[in-house]
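Construct the entire structure; sequences and hints are all you get.
Sequences listed follow chains A and B, in order. Reminder that position 53 of the first sequence reads as 53 in this note's numbering, one-by-one numbering, no gaps. Reminder that position 68 of the second sequence reads as 68 in this note's numbering, one-by-one numbering, no gaps.
It cannot be assumed that every hint is accurate.
Examples of chain B residues lying across from chain A (beta carbon under 10 Å, computed) [claimed, not checked]:
hint, residue
1, Asn22
2, Ile27
3, Asn47
4, Gly61
5, Asp65
6, Asn151
Non-contacting residues of chain B with respect to chain A, defined by C-beta distances greater than 12 Å in every case (computed) [said to hold, decoys possible]:
hint, residue
7, Leu11
8, Phe101
9, Phe193
10, Lys218
11, Asp259
12, Ile275
13, Arg301
14, Gln336
15, Thr344
Mimicking BS3-like on lysine-lysine, the simulated pairs with C-alpha atoms at most 30 Å apart in a straight line are [unchecked claim]:
hint, chain 1, residue 1, chain 2, residue 2
16, A, Lys51, B, Lys44
17, A, Lys183, B, Lys46
18, A, Lys183, B, Lys116
19, B, Lys13, A, Lys183
20, B, Lys44, A, Lys183
21, A, Lys199, B, Lys277
22, B, Lys57, A, Lys202
23, B, Lys116, B, Lys44
24, A, Lys2, B, Lys14
25, A, Lys199, B, Lys309
26, B, Lys57, A, Lys183
27, A, Lys183, B, Lys14
28, B, Lys57, A, Lys49
29, B, Lys309, A, Lys51
30, A, Lys188, B, Lys58
31, B, Lys17, A, Lys202
32, B, Lys14, A, Lys188
33, B, Lys57, A, Lys2
34, A, Lys199, B, Lys17
35, A, Lys49, B, Lys10
36, A, Lys188, B, Lys277
37, A, Lys51, B, Lys14
38, A, Lys199, B, Lys13
39, B, Lys58, A, Lys49
40, B, Lys10, A, Lys203
These are calculated hints, taken from the structure and not from any lab test. Beta carbons are placed, not taken as given, at the ideal position from N, Cα and C, and that holds for glycine.
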Amino acid sequence: MKIIVCIKQVPDTTEVRLNPETGTLIREGVPSIINPDDKCGLEAALVLKDKYDAHVTVLTMGPTQADFALKEALAMGADEAILMTDRAFAGADTWATSLTLAKALEKMEYDLIIAGRQAIDGDTAQVGPELAEHLKIPHVSYVEALEKGDDSSLILKRKFEDGYHKVKVKMPCLITTLSEMNKPRYMKVGLVFDAHREKEIKKLTFDDLDINKEEIGLKGSPTKVKKSFTKGAKTAGKVYKDLDEKEAAKLIVEKLKEKFII
Amino acid sequence: MNFNFTDEQKLLKKLYKEFTENEVEPIAGEIDEEERFPVETVEKMKNNGMLGIPFPKKYGGQGGDNQAYVMLVEELSKACGTTGVIVSAHTSLCCAPIYEFGTEEQKQKYLVPLAKGEKLGAFGLTEANAGTDAAGQQTKAVLDGDHYILNGSKIFITNAANADIFIVMAMTDKSKGTRGISAFIVEKDYEGFSIGKKELKMGIRGSATCELIFEDVKVPKENLLGREGKGFSIAMKTLDGGRIGIAAQALGIAQGAIDETVKYVKERKQFGRSIAKFQNTQFQLADMQTKVDAARLLVYRAAFNKDNKLSYSNEAAMAKLFASEVSMEVTTKAVQLHGGYGYTREYPVERMMRDAKITEIYEGTSEVQKMVVSAHML
Numbered sequence: 001m002k003i004i005v006c007i008k009q010v011p012d013t014t015e016v017r018l019n020p021e022t023g024t025l026i027r028e029g030v031p032s033i034i035n036p037d038d039k040c041g042l043e044a045a046l047v048l049k050d051k052y053d054a055h056v057t058v059l060t061m062g063p064t065q066a067d068f069a070l071k072e073a074l075a076m077g078a079d080e081a082i083l084m085t086d087r088a089f090a091g092a093d094t095w096a097t098s099l100t101l102a103k104a105l106e107k108m109e110y111d112l113i114i115a116g117r118q119a120i121d122g123d124t125a126q127v128g129p130e131l132a133e134h135l136k137i138p139h140v141s142y143v144e145a146l147e148k149g150d151d152s153s154l155i156l157k158r159k160f161e162d163g164y165h166k167v168k169v170k171m172p173c174l175i176t177t178l179s180e181m182n183k184p185r186y187m188k189v190g191l192v193f194d195a196h197r198e199k200e201i202k203k204l205t206f207d208d209l210d211i212n213k214e215e216i217g218l219k220g221s222p223t224k225v226k227k228s229f230t231k232g233a234k235t236a237g238k239v240y241k242d243l244d245e246k247e248a249a250k251l252i253v254e255k256l257k258e259k260f261i262i
Numbered sequence: 001m002n003f004n005f006t007d008e009q010k011l012l013k014k015l016y017k018e019f020t021e022n023e024v025e026p027i028a029g030e031i032d033e034e035e036r037f038p039v040e041t042v043e044k045m046k047n048n049g050m051l052g053i054p055f056p057k058k059y060g061g062q063g064g065d066n067q068a069y070v071m072l073v074e075e076l077s078k079a080c081g082t083t084g085v086i087v088s089a090h091t092s093l094c095c096a097p098i099y100e101f102g103t104e105e106q107k108q109k110y111l112v113p114l115a116k117g118e119k120l121g122a123f124g125l126t127e128a129n130a131g132t133d134a135a136g137q138q139t140k141a142v143l144d145g146d147h148y149i150l151n152g153s154k155i156f157i158t159n160a161a162n163a164d165i166f167i168v169m170a171m172t173d174k175s176k177g178t179r180g181i182s183a184f185i186v187e188k189d190y191e192g193f194s195i196g197k198k199e200l201k202m203g204i205r206g207s208a209t210c211e212l213i214f215e216d217v218k219v220p221k222e223n224l225l226g227r228e229g230k231g232f233s234i235a236m237k238t239l240d241g242g243r244i245g246i247a248a249q250a251l252g253i254a255q256g257a258i259d260e261t262v263k264y265v266k267e268r269k270q271f272g273r274s275i276a277k278f279q280n281t282q283f284q285l286a287d288m289q290t291k292v293d294a295a296r297l298l299v300y301r302a303a304f305n306k307d308n309k310l311s312y313s314n315e316a317a318m319a320k321l322f323a324s325e326v327s328m329e330v331t332t333k334a335v336q337l338h339g340g341y342g343y344t345r346e347y348p349v350e351r352m353m354r355d356a357k358i359t360e361i362y363e364g365t366s367e368v369q370k371m372v373v374s375a376h377m378l
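Written out as structure tokens, the structure reads:
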């Protein structure tokens, strides 16, 4: 079984401070981490490696410093790591990112591609599903539990706000994982040494992909940012219990009137 | 010369920090309070390859170096001095002498399970009447056919109650003084070998410090470490390495106390503002951190020398002398900056101050370190 885990290196937002005057993020000196959802995706892959001897490759697109995230993945137990880095890839939105990743992945062998649900610096949750569409393979998002089926399929628990779906999907496929699904393992000391002293990170650049420069990077990104602003604080909602249908309907109407919505 | 961490060291630091914050720090107060050896932490450290860092993979180690090892002891000790010394005594005092002085058979039989963390190690030199004066050993080893027969006792042995393998010094020829001391590898299950009284200590209270008792213990001849009469030299060289570990422990405790204090002084308000705003607080903290950074450079230099096959006896003594005294000073100041709260068990600095004290005493007192350093000068 061959698994490819797509990860993203992101600023550790728990360590990000706001500039009180401008209201913008201070990114300097903020440590970079593996995006939490992606790290849980990697853990899920490593569990499959432990159980079924799967081969795990981690893939990331980013600046050369992103090799630190790949080394961490190797030190957790991934077998191989690939860094896609090129000036031509820079400034990509989710569409251009997923297309670039897809161009690399279409040349690789895989049974399963795992991506984290969303990155904590962008929160779009788009790259995983888009990637599956580019590759024309089925995908299941918001996976919170995973087991291998009897044939070449996976049994997945897909989270919804008020429950979950149990889905059987045939491989090759792509899933996006939630950080609730597991607690990622620590790196192992010996694997940290191996990641630096024995293993090599494979690099892929623009020249390795069959694609035009216009389709990727900033040029290939249809997303245009109109305006950025700080989200206003929202107060916590209120839960009303033990009301019958009539009382509940009456209460909702009252509240909507109170807020001048109706 | 370069004072920056390599990428490999940065990643190790990340691992050590995550491990310490999640697995060590949450129980540090509890194991001190209950005087409980943290078996669960030792098991987790085994699983993450933390009990044999500087030894080659062919001997069960992680194929790393002493720098990587002391960084672990430092990080663990920031939260828990007990956990730091468990790793230090196991690695420096038991694994290291077998690696450096053992035969290939001894390495395969003992170092492999020790470095993998399947077995825990300890070291026995100190006796009731042989502390700094290590030559005053009373424990005897007499060769009888294929075995040495050991009789006597050792005190203050770190890890004793939980260790499987012990390096034990004993007199094989009293008439030769220090040249009559030999080193042995002793297994916990050998008949006649028992663990005696557990010490009730001021600090590092989770560490199981006990007496070792030998009553006609038959130790196979092949468990002699190095040659007969070389025990004292082995012990001294082992302690040279051990001191780097203890210096790292002292360093970690001191940094941990500073980190706690920085958090506290920002929160604590007196006279209408946080006490961090007072210049006394600022100057105290500046002095504390400067000294701890200086200690860190000494500790890393000693580890660097050991890794690069340079002499390190003097450097290890300086590192241990300075780091341990800085640790005591800094933890005392940390308690002072916490005021009355610092004296209570509600805040970890009182434990850190108690833990720091032992670093000035074990594996050679500060006075012994001064003897070593001055001997290199005169």
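Violated constraints from the hint list, given by number and in increasing order
2, 6, 7, 21, 29 and 36
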